[in-house]
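Protein chains in written order, with this note's numbering: chain Y, 34 to 695; chain E, 3 to 369.
Treat the hints with care, since some could be wrong.
To be verified - With the C-beta cut set under 10 Å, the calculated list includes, among others, these residues of chain E facing chain Y:
no.	residue
1	D84
2	G87
3	G93
4	R134
5	G362
6	D369
Simulated from the structure, these hints should not be mistaken for laboratory data.
No residue lacks a Cβ here, since even glycine has one placed at the ideal position from N, Cα and C.
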Amino acid sequence: MERVGPNVSQTKQVKQLDRVIIRFAGDSGDGMQLTGDRFTQESAVFGNDLVTLPNFPAEIRAPQGTIPGVSSFQIHFADHDILTAGDRPDVLVAMNPAALKANLGDLPRGATIIVDTHDFTKRNLDKAGYSSNPLDKLGEVDDILAGFQVQPVDLTGITVEAVKEFGLSRKDAARAKNMFALGLLSWMYGRPTEPTITFLERKFAKVADILGANIAAFKAGWNYGETTETFVVQYEIKPAKMPSGTYRNITGNLALSYGLVAAGVRSNLPVFLGSYPITPASDILHELSKHKAFGVTTLQAEDEIAGIGAAIGASFAGQLAITTTSGPGIALKSEAIGLAVMTELPLVVVNVQRGGPSTGLPTKTEQADLLQAMYGRNGEAPVPIVAPQSPGDCFAAAVEAARIAITYRTPVFLLSDGYLANGSEPWAIPSVEDLPVIDANFATEPNKTVTNAKGEQDTEFWPYLRDEATYARPWAVPGTPGLEHRIGGLEKGEGHGNISYDPANHDKMVRIRQEKIQRIADSLPPLEVDDPSGQAKVLVIGWGSTYGPIGAACRRVRRAGYDVAQVHLRHLNPFPKDLGEILKSYDKVLVPEMNLGQLSKMLRAEYLVDAQGYNHVYGLPLKAAELAEAIGALVGETEGREVNLGEHGLNLPADHEEAPNA
Amino acid sequence: MSTIDLPMPSLGTALVPTLAEGETQTAKDFSSDQEVRWCPGCGDYAVLKAVQSFLPDLGLRRENIVFVSGIGCSSRFPYYLDTYGMHSIHGRAPSIATGIATAREDLSVWVVTGDGDALSIGGNHLIHALRRNVNMTILLFNNRIYGLTKGQYSPTSEVGKVTKSTPVGSVDHPFNPVSLALGAEASFVARTIDSDRKHLTAVLAAAAAHRGTSFVEIYQNCPIFNDGAFDAIKDRDNSHALIPLTHGQPITFGVQDEATGLGDKALVRGAGGGVEVVDTASAAADAIIVHDAQNPDPSTAFAISRLTDAGYLNRSPIGIFRQVDRPTYDDQARAQVAVASEAVASKGTAEERLTALINGGDTWTID
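So that you can see chain E by itself, here it is in the shape it has in the complex (with noise of 0.2 Å):
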């Protein structure tokens, strides 16, 4: 899998306390006293596994790191990283984390939601905290279904999908969350896969990077309710089922050509002004897309985005979709109390100037 290599003009944790020199930390460090209760086999193990592993290579002082979550199995994660953290209510992390993000500069924060926390009852919260661009780092574990609630279908469910609450197969049409984020200008969006730790591993390492909210869909296995649901992408023999996306270079995949390093599928403009995937042997050179995160406009990223699978998952981009550099809400939020809060500076305490704040408008004086 291809490592991620971009450009990071504005660090996400630039201003959180790094540690001392000589200061090390390990995953042991990370983890927490508490019981890892999900169902063996489970696709979040990896995922914690990965995280406090790659947690210390951040070379951030642990007090500073925040994880929040909502509701789902997934959203059990902020109990086993031994960091500050909260398990908040469903759907709602990314207001909490919007708040703790905004409230403090040097904090690093972390949202840790599921498919149905995220995009069905926190929908909201999800596409107004992309909208904000609020410095924090989404992680969305998409399963497909409700583990937690024991089986129902999930707003990433394919259509026909039979559950407990489908018995006879789903009617709704699922979202995609890279499209949906994409759609919300979220200005850092990325997929991974819960298996492939090295790319999963190099995706949160990007997405911490970035400064401002970063989007990371995980693909994560259900073993109890959803088992299977990623088989065919992460079938080894199957070359065409990942199309991988590296900043700068030509989108292929596939049979590798040994001498030209491209793959035997490859992606280029489409009619209908989407994307299509071809025979790279039948593409003129200068015609496969070059992949640009990077590109202010995103439309070629959300048109990449649509050549994932709505049904079984037999096909899906993966990689980084976007990366832009855009003001974030809580810079900005914290700049106008910082420049108002040194326009008064010479003013007074604060309770000289309270006094002459209440003292205020017209008033009299009775003796």
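The shape of chain Y in the complex, shown without the other chains (with noise of 0.2 Å):
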């Protein structure tokens, strides 16, 4: 598509601005997610950068009009490079009492929050815990909503009465008024609209009331801004400076999805996924079922580990195996796991961690599996771990997974999150031709010349002989003669890989399997650490998606005046082999996580480095202005000196993300 010019208001006064963050708020059943996701595209497709936050309840309809039924979907778009989908919105859009009620919380004073007084009913109110109607006390003493530039508009009695002609039921008709908030804040930010209506056009293609309703109400959202006077200000954010390329707008499921299907085709691997429906996993089962073209097959099995014990076949059988889960999955594929570890069969392993134990929450983002990827299993079961940073970059990660599996012969994890499974970000498109090609190398030929009872040479098959540089044993998939073998569960003998319960050989094995792992680093790039000063003494580390908080954290610490260098980890398994150097050099390091301390912990043990937690578990992305803030004291106790972060910290205007010499 071409990139489309902004939709400026004739009348009205246009205003510059440089980043918004809006959140739309309402009822489960009120299209938010919908709603959110075009704004999306019209703003990336408008050239924005941009990175959005859906957050929903784990409940398919929780009870109409409460706050656990309250879904939202948070967008940050800015004329500059930023990371996150911001701390705080400016604009609310609250379609009911509980959506403003859940949020209201949330908003800096100023913020603007437009309402559909028509769901302000009394039953309405009372389901979200309003003694009275707060928008009959505007500017009145007790005016919960003082501070705020309140915006009350009866979007769903002027959504009925605008798609009239097409006779829908009332109910139906109603069911507009999420496209006629979208069309309301497309004026209010310039959007271009031709992508909203094109994605109407084919969405209800079969259904021409319920099209013409959904475009009269778009529409009609878009001129109640334009021409009445309850709206007197348009904003223009102007498109971003980004790097040259075709983007497209990804969420990190699509992009993780996108990358197995790739690593299939750059390893010429039919791929086999073996998958259990599990939130917020189940997309990459649905993606991936639709590639058959691409000869993937997947396979929804009957629970968790049928998942996995079908992508152990598989992979026996010479494809590329994926499972996908959550951390409830891993904890029933651990077993098997295990098994992939002791067969060393290439296996790749995604658990999009979710709130956690148990059930936890299903529908929240956090990343507390580390460890459960690390130790979770019976026995020295070392398995390489890799972690996207971002929802784009889920793509390039998913492709290093299947790189390291194939060409290690090993289960590998990736660690993706909620947070990145369901946001989204602007891409760009990588160039096919620049992945890397991995090469599945199968065993053809028998490897070990052996002397047979006759005192003859021979030539036998040894699966666990190993490839001495990356100690890779070879993969002889059935259907090659001469190299019949079985494999199991039980220690192998090294080498030959026969059954062998001997002492100093179980031993050796365990030695060489985390050996094996190891030597990964080998083939990783050096980390990238980011401290543009180089006066630094201050480190801050982090793995997965706190990515983009860590970075907007500390380019906020860097406005304000102060040193602080960020190093973030793809690999946690093996480590890079430069990240013990790197830690030492600084004075101090903090590690901001969404668990209680996964990674610090395991770069104590591994390099006894003094490492401080920064952990929350909300179940939803750090904030980058609290994170700010606790950079900025470690600086200043680490300098000794006194440190004010002033706007760049939590005092106002916050949520500015770009870099300092942007």
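Starting from two chains that each stand alone, build the complex the way the hints lay out.
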């Protein structure tokens, strides 16, 4: 699609902004995710940098009008490079009292609140726990909305009126109110409307009245902004300067799925996914099941264990095997992961982490499964771990996980999380030619010369005779004559691979399996240390989806005039070889994580470094301003001086993420 | 014992490469160099011998045969066969075999499991493999005891069984594996005995030939922890112990009448919807049930399976209870991939199509 220019108002004042954070909030059935997604596409096509944060309940339809039923979608878009979905929304669109109540606490004073007055009925106010209607008290002494710019609009009423000609039931007509809200917000921020019209025409191609109503509601929302006196200013956020390339907006789960397809293409192997549905990983199963034309087979198994079991079988049979799940599923798959460790078969194990323990918070994000990935098996069972840092990065991380799995004949953890999975960002689409070629390197010949019983030289196939450099064992697939062999969960004799209960052999094999994983580090690039001044005494190190908030927090600290360095780990096992030296070259190390200190525990154990944790488990991404304050405090302590981040910390105005010298 | 003579409309090994003209294989070719380590007198030896002698008859290339097992005494089986094999984890062999069979149409896939492995810890995988009808053969060695863990009762042990974990007798009601498999809508269900080499081999041949999941329960004696569990039905003097099932034949057993060829006992429809054993002499000729393994309705096969004693085994039907043609999961899954792949055959290389895929949706270019 061509880039689309701004839709600038002909009649209203136009103000320039460098970035805006909007949160759409309503009942689970109000279509807020779709509204947010459309606004995102409009902004992406317009050329803003953006990051999104969908946030929805685990229930498909929680009781209507209640606080647990509130679903929201936050988008941060800017004319410069940004890293997070923003800490606090500048604009809240609240479709009912519950949405207002659930989100009000996140707003900074001065924020704009657009509310659908239609749903502020006694019944809905009761459900949200309001004893009186806050909209009736605007400007009075007990106005809980004082300090905000409140715009009450009868979104539902106007929508129903606008779509009257299509003869829908009142209920169906009212359902188009999300498109009215989208139209209004699209006007406010000069978004291009063509992408949404095209989208609606595709989505509702077969239902003319619904299509007509949605387009009419969308246009009515736009015109409401443009023509009524209610909104006096339109805002313009210019396109961001981004590196050259072709972009698309992408969620983590989609990027991860594409990465797995790409790994199949670049390894020239059929892809096999064995999976059991689980939030928030199911999207990957759905997506991969669409790509049979790439030789992708998906099996929806009877349970988590069967999912990985089938994948292990497919791996033994010579395919690129994958299993996808979330933390509870990993718990069930643990024994089978151990089998893949013992049999040394390639396997990508995707864990889209969610809040735990147990069922925990299925739709919320967390990164508390790192130690489970590291240690959650019986015996010494090392498994490499790869973690993407942003939604788009899930693509490259998936290719990397497959590269390690195939090259080193090992299961590999790919640790995504709920925020990456559902969040989105503009993604610079890579060139397929630039992706690594992965060589399956199947064994075709016997690999061992032996002297047989008659004293003659003979050749045999030894399934555990290793490559000297990588320690990878040969991958001999059924159907290869002369390489018939048996593998399994029992300890293997070194080289020949027959069952061995010999104590010295077990000791040796445990060490060999560990050493093989360690040798993956030989193939890793040096870490990138972001230390612009070269003067920093404090290093902030993280992994996974905290990349955005940590990067944004470091930028805040630097904009306030202080030095801080940042390193982000993609490989958690083994660690890159230069990590120890990097850690030792800073006075203090801070490890922000959405857990109670799992990476910091690993760093302390491995490098004897006094890593300090910064830990939150709200089920939401870390907030950049709060983290910046924590970094600032540590910088102050380390450098022995007062640190005041001013507007770049928790003092308003917040949420500016531009790099200092940008 | 009767021979198995069924029409085989779709062959289980149809897509597996066979030996070239003039090539031969013997049991020795299928014996690995590993020392067999079952207890002396274990029924597993007899099954291993039968399988090693029978496999060459299939005429398949050895490298295209895969044996998968779980955990338990019987699950050591793959180590002793010189084919491809995996000794996996407890109960999960059907899931692993499902992956292998779905990934590769050119492999003959076998699962070796036991009553604990298949019916207790792996019960879920077993029923789903049967339901999906993945092209593989499951050999369930039923010794009605846990052997490898040294003698606890199993899900096929009779109520009242005294074992290490049930010193005053088990109160667990046992599974009838054949009834379970029929209930899971298995397309091939059979039962045989370790000590009857001829019947065992005939059932294995039919199971291998069947396209879909073939389920074969093999009564197998554990001489250490459950010795004699099958003595009553192996007693050659007790002609009423076994009810042999032969497709297309009236189901009779016991002392054979030389003139009619029928046994002195017969199966007829029972009052409650099941089947009953009656004296053949007292039954009208057309009342005797003619065994129809290919009946799409499994009700009669199920009713026959209920004639198996749930307690100590004094009587049991054996043979092929059911063999019906039903599309297999793996054939259909591969067909979906093949159809999709064919549809894009003219649309460029995989790399070109991948480029198109990731550039799909709304894109924009920055110079």
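Checked hints:
no. : hint : verdict
1   : D84  : holds (6 Å)
2   : G87  : holds (4 Å)
3   : G93  : holds (8 Å)
4   : R134 : holds (9 Å)
5   : G362 : holds (8 Å)
6   : D369 : holds (6 Å)
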